[in-house]
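A.B. asks: Sequence:
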Amino acid sequence: MLSYPNIDPVAIAIGPLQVHWYGLMYLLAFLFAWGLATYRTKSRDGWTPDMVSDLIFYGALGVVVGGRVGYVFFYGFEQFLANPLWLFQVWTGGMSFHGGFLGVMIAMLFWCKKYQKTWFQTLDFIAPCVPTGLMFGRIGNFIGGELYGRQVTDPNFALGMIFPTDPLQLVRHPSQLYQALCEGLILFIVLWWFSSKPRPRYAVSALFLIGYGLARFVVEFFREPDNGQLFISWMSKGQFLSLPMILIGIWMMWYAYQKKIYDWGPLKNS
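Its first residue numbered 42, the sequence shown is counted upward by one per residue in this note's numbering.
Since the hints were derived computationally from the structure, they do not count as laboratory data. By construction, the Cβ of each residue, glycine as well, lies at the ideal position given by its N, Cα and C atoms. The reader is advised that the hints may include incorrect statements.
Unchecked claim - In silico lysine-lysine, DSBU-like type, Cα no more than 35 Å apart, as pairs:
1) Lys-158 / Lys-300
2) Lys-154 / Lys-278
3) Lys-154 / Lys-301
4) Lys-155 / Lys-83
5) Lys-238 / Lys-300
6) Lys-83 / Lys-300
7) Lys-83 / Lys-309
8) Lys-238 / Lys-154
9) Lys-155 / Lys-300
Unchecked claim - Label-pair ranges, simulated between beta-carbon atoms:
10) Phe-118 / Trp-233: 29 to 39 Å
11) Leu-222 / Phe-151: 30 to 40 Å
12) Ser-237 / Pro-90: 12 to 22 Å
13) Lys-155 / Val-105: 11 to 21 Å
All chains, please: the whole structure from these sequences, using the hints.
C.D. replies: Given below as structure tokens:
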């Protein structure tokens, strides 16, 4: 069994100014996305660093607003009905990836209208830059001792640990690190490799949906369900919300290779 590294949630303190690790992870997430997307403009005609900066700004708004609204409606709707102002109490915690994902999708529509890009041109461009942000976010969850895993069946399990924020003090899976690895690092490597060569429109976005959906679905078996509740007897709400991503992604991948529309490279459609 591992010992949980008790890390001070405050990363930087200068007088009354405090920067928490979770906020720092969000900053790193957006900085990495900006850096990776700026690098991708070097091999893509019609993309500039200024466009990327604007794109990251729109994406950040989508993540924050969508993530909060999604968490409230997906995981705490009864609490919202009892106290609608809870929606705006972001300092109490609570962000949903699926809500943030939908928020980014909507934000991209406004960005596309401004720069005259199609929605999927934009999504295919930015998708490989997203997993590193997910990785940093999960590391932030781990440092904060939140969204921890389910109880391990063997108390001597090598990766098991007791989280100080767990009221039951059980030996649990560090599922935040599983997610950081699967939804973050591994998905980034796969998407970056896949998108390094010309692929038909929709294919990169499809691979992101399939990859994230599968990773999230599998890791949810090791993660304590949000609010301790399962959607059905064996399926968590996170798994239920990931299923449409997988199915839509599979259909999109098939559709992409049927249509074979290329936006860059020697196969670019004129």
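A.B. asks: All hints, please: hold or fail.
C.D. replies: Verification of the hints:
Proximity of Lys-158 to Lys-300 is assessed by CA-CA distance (about 19 Å); at most 35 Å being required, the pair is judged to hold. For the hint linking Lys-154 to Lys-278, the alpha-carbon distance of about 33 Å falls within 35 Å, and the restraint holds. With a CA separation close to 24 Å, the supplied pair Lys-154 and Lys-301 stays within the 35 Å bound. For the given pair, Lys-155 sits about 21 Å from Lys-83 by alpha-carbon distance, which is consistent with the 35 Å threshold.
This hinted pair checks out: Lys-238 and Lys-300 have alpha carbons roughly 17 Å apart, not beyond 35 Å. Annotation: proposed proximity of Lys-83 to Lys-300 holds, straight-line Cα distance about 26 Å (limit 35 Å). Using a Cα cut-off of 35 Å, the hinted pair Lys-83 and Lys-309 holds, with the two alpha carbons roughly 16 Å apart. Between the alpha carbons of Lys-238 and Lys-154 the distance comes to roughly 27 Å, so the proposed pair stays at or under 35 Å and holds.
This hinted pair checks out: Lys-155 and Lys-300 have alpha carbons roughly 26 Å apart, not beyond 35 Å. For Phe-118 and Trp-233, the Cβ-Cβ distance of about 37 Å falls inside the hinted range of 29 to 39 Å, so the restraint holds. Look at Leu-222 against Phe-151: about 33 Å separates their beta carbons, and that is inside 30 to 40 Å. Roughly 19 Å separates the CB atoms of Ser-237 and Pro-90, a value that falls within the hinted 12 to 22 Å.
Evaluation of the 11 to 21 Å hint for Lys-155 and Val-105 yields a pass: the beta carbon distance comes to about 19 Å.
The structure is consistent with each of the numbered hints, conforming to all of them.
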